[in-house]
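**Student:** The residues making up each chain are set out below.
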Amino acid sequence: MMTKARRVYSIPYVLWLLLFVIAPVLLIVYQSFIGMDGSYTLDNYKTYFASSTYLRMTFNSVLYAFLITLIVLVISYPAAYILNKTKHKQLWLMLIILPTWVNLLLKAYAFIGIFSMHGSVNHFLEFIGIGPKQLLFTDFSFIFVAAYIEIPFMIMPIFNALEEMNPSFISASVDLGANAWQTFWQVIFPLSLNGVKSGVQAVFIPSLSLFMLTRLIGGNRVITLGTAIEEHFMVTQNWGMGSTIGVVLIIAMLAIMLVTGEKKKKRRRAN
Amino acid sequence: MAQNIITFHNVRKEYDDQVVLKDVSFEIEQGKFYTLLGPSGCGKTTILRLIAGFIEANQGDIRLEGKKVNDIPANKRKVNTVFQDYALFPHLNVFDNVAFGLRIKKLPKKQIEQKVKDVLRMVQLSGFEEREISEMSGGQRQRVAIARALANEPEVLLLDEPLSALDLKLRKDMQYELRELQQRLGITFIFVTHDQEEALAMSDEIFILNKGEIVQSGTPVDIYDEPINRFVADFIGESNIVKGKMVDDYLVEFVGKKFECVDGGMGKNESVEVVLRPEDIQITSPEKGKMHVTVDTQLFRGVHYEIVCLDEEGNEWVVHSTRKATEGAHVGLFFEPEDIHVMRFGESEEEFDARLESYEEEQEG
Amino acid sequence: MKKKINWPNIYLFFVFILLYLPIFYLIFYSFNSGGNMNHFSGFTLENYQAVFEDKRLIGIVLNTFLLAFLSALLATMIGVFGAMMIYYTKKRQARNTLLSFNNILMVSPDVIIGASFLIFFTFLGIRLGFSSVLLSHVAFSIPIVVLMVLPKLQEMNDSMIDAAKDLGANAWTVISKVIIPSITPGIIAGYFMAFTYSLDDFAVTFFVTGNGFSTLSVEIYSRARQGISLEINALSALLFLFSLFLVIGYYFISQSNMSKKQRRLRKQHEEVAHIL
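Residue numbers (the numbering used here), protein chains in the order written: chain A, 1 to 271; chain B, 1001 to 1365; chain C, 2001 to 2276.
What the hints contain is simulated information worked out from the structure, not anything from laboratory work.
Positions of the beta carbon are idealized from the N, C-alpha and C atoms, including for glycine.
Heads up, some of the hints might be wrong.
Some, not all, of what chain B presents toward chain A, calculated at C-beta under 10 Å [claimed, not checked]:
1) Phe-1054
2) Ala-1074
3) Asn-1075
4) Phe-1083
5) Gln-1084
6) Tyr-1086
7) Leu-1088
8) Phe-1089
9) Gly-1101
10) Leu-1102
11) Arg-1103
12) Ile-1104
13) Lys-1105
14) Ala-1145
15) Ala-1149
16) Leu-1158
Result set (EDC-like, lysine to aspartate or glutamate): computed pairs, CA atoms no more than 16 Å apart in a straight line [unchecked claim]:
17) Lys-85/A x Glu-163/A
18) Lys-107/A x Asp-2200/C
19) Lys-87/A x Asp-1016/B
20) Lys-107/A x Glu-2219/C
21) Lys-1257/B x Glu-1273/B
22) Lys-107/A x Glu-2231/C
23) Lys-1022/B x Asp-1061/B
Model the full assembly from the supplied sequences, consistent with the hints where possible.
**Tutor:** This is the structure:
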C-alpha cells in the first residue's frame, strides 16, 4: 500500500537527482573534452598539463586553501572548546552563526573599506608610526578575509562534536589519573576529530573556489581555481578549458574528502 | 578493628540553591563492600562523585585515609570509578582502555602489558586485548570498565549503578562475580544502586538514603529485620504497615487488638507504626489465627502465592505462602511476637540504636 | 572565590570582536555624510533615503525575496518527499548511496554548481533569467531540506504509522495526518535554511542569471567592483537587521528541535565543565 504512494511522491526528488545532481556533473566532464571549435578533443587537458601558468595557479590555489584552513582551525578550535563550556551556549553559538547570514559580499565589501589605502587599518599603522601600506589586493588581504568568512563554518562542526561527546569520558579520564592537559590530548581531541574533519572540508573546498573574494579583495594578483573557472566561463567564454579546470577542482575536492572522510579500518595496537 | 578509609563529616552539597546532600556524616571501613541504596535523586550518586572528586562539597570534611581531600583533584585521588555508562573510550581498543591509567603513570611498557593481562584475566576477558569497544557486548564492556578501574590498583573502587544496563540473568551473574572479586582483592567497594535486591545480596553494609540524608545504615539483615521507619520498610522488601499504639513495653495494639511483641523503650500509649513482612505471616483456620481476615485476591508468583487479605477495618494484608488460598474464604492469620516490628515516628538512627541497645541489655540482664 | 584573569573568555571575546567588527564598521559608516568609509564627517540618513529612492535597487530586493520565498517553498516540498523516500529505503546500502548523492550539491564548490548548471541550461536551451535562477536555487536548496527533515523522521515512532494503518488510514492519509504533522519542526527548519541559502547565494546566481535578471548579491558585487558607495552600507545595515530577526526565529526553531538527549548531555557538560 505504501509502496505505490512512495513511487508517486518520490518522482520529483528522483527527477532532481537525475537532472540537477548527476546530469550537471556528467555535462561538466563532457564539456571538458570540447575544444573552442566545438569538436571532441584532449587539447584542454594537454594545455592544462603543459602550461606552467595553470599548474602554478593550481598549486598556489591549493596552498592558499591550505593556509586559510590552517589559520581558521587554529583560531576556531579554542573558540569552539571555550564555547562548549559557557553557560547559555546555544545563545553564544547563535552569535557565531549570525555573521554567516550576513551576505558574504557585504563582508568582503566591508574589508574594501577597512583595508583601503586611506582606510582604518592604515590610519592605525600611520598612528603607530609604521606608515600606510598597500593592504588591499595582496595575498595577505585575501587570506585574511577568506579566513574571516570561514571561521564560523569551522567552529560549528567542532562545537557539535565536542557537545555530542559523552561528558563521562572526561570524568573517566580524570578518574584514571590524567590531568587536564593529558585528558585533552588523549581523550577530548581524538574524540572531536570528526568535527575537525568536517570543518576542514567545509573550509578547504570553498577556499579553492571563492572567486568573488579574489576579485574584490585579491585584485587580480590572487588567482584560485575558482577564479580561473569564472574567467573562462564568464569572460573568455572558453567553456571547455573552464570545465577542465572544473574537473581538476572536483578531483581536488574528492581528494580532500577522502583524506578527511571517516575511516572504517580497525585500529590495531602498534606493538 | 578495621581502619576507616573514608570519613564524611557534615558534608553538604547544593546545586543552584537546591540541597542534594544535607550535612551527611559517615565512616567507611577498609576492605568491606558498601552499598548506597535509595530512590533516584536521593543523593547517592552525589556521594560517589564527591568521593571521586568530580564535584566539590559546599561544606564539611571529606577524608581519605585520614587525610582531608576536599581540595585534591580527582586525578590525584587513589579511588577509581566504574561508570554507569562505562565511559569506555571509543577511540581506544580494550588493551588501550585498560592501560590508560598505567600509561598516565608512565609505567614501563613491560609492566603495563603484564598488569593489563592480569586484570583482564581477573575479569575473565583474556584474549580480548585487541578488540574494539564497539565489538564488545554490554556484559563484556562492563568487565572492561571494571578492569580499567582495577588496573590502577585503587584503595577504593566506586561503582555507579554499573549493572543497571544489563539484563536480569547477566545482572545476577555479575552480582556474584563482583562480590567474589571484592573478597579476593580485599579492597573497599562502594556500590550505588536503587535495586534493593542487589544491595541485600552483595553488601557487608548498606546505607539507605532518602532526600539527601542517610536514613539508616547497617548490615542487610539488620536493615531488613529492623527498618527504622516506613520509608525503609517500604523500600526494602515488601511490608504490611498499619498504624498502632504502644500500650506498654512488649505490648502493642493494632487493628483493635493487643499483641505481644519484642519492642520496648517507648512512651506509654505512644502512636507507632507496625510492620509485618508478608513471608512472616501464615494462613491458618480462623480459630488458630491471631487476626481474622477475608481472602481478596491472589497471584501465583512462581516461588510462592501472593495473597491479599482484608481485615474488618479494611486494611490490606499481603501474605506470601507456598499454599494456595481460596478467594472469599474467611481465614486466620498467625505470626510470632518477634515477627512484629514496631517503628516510632520521626526517630533518628542514633535514637533508634540507643533504644535498641538499652532494652536488649535489659532482656539479657 | 579567587579573582583571576579569565583567559578563555577574553579569547572568546576577541573572536566575537573579529567576527562583528567588519559588520559594525559597515553599519557605522552608513550614517556617514562624507561619502567614504575612511573618515566620519557627520551623521546623516541620506544614504538610507537613497536606498529607498533607488527604484532599481528596491526592485532587485523584491525580486530576491520573491525568489527566496518561491525556491524555498518548492525545495521544501521536494525535499520532504525526498527525505521520506530515503527514510523508507530499507536496504542500508541503497539508502547510503541515496544520501551520498543527496549531499553532492552540499559539498560541491559554488563555482562548479554554477558552471555545470550553466552548461545544463544552455544544453537544454533554457533561456537564462528568472526561471533558470529559480530552478538553480530550488536545486541547491533541496539537500539541506532533506538533511533537516531526515532526523525528524528517524525520531518518529514507527508504530504510530502501524497504528494509523490499523485504524484504517490509507497511504495518503497516513502521510498527511501522521507523518507530516510529526516532522513539522524539521520542515520549518528546512524551509528556513532553504530561504537563507537562496538569499545568500552569489556564485551560482552569477553564473546562471544572464542579463535581464539580477539579485541583491549580484548587484552588490557589481557595485562593489566599482568602489565604495555608502548606499550599499545603508543597505547592509537594513539586511543585518533582517538577518537578526531571522536568527532569532531560527533560535526558537532550533530550541524546539533539540532532542531530549541533547538537553541531558548539555546538563552533564555543565557538571564536568570545572574539571578542565
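**Student:** Check each numbered hint from earlier against the structure, then list the numbers of those it violates in ascending order.
**Tutor:** Those not satisfied: there are none.
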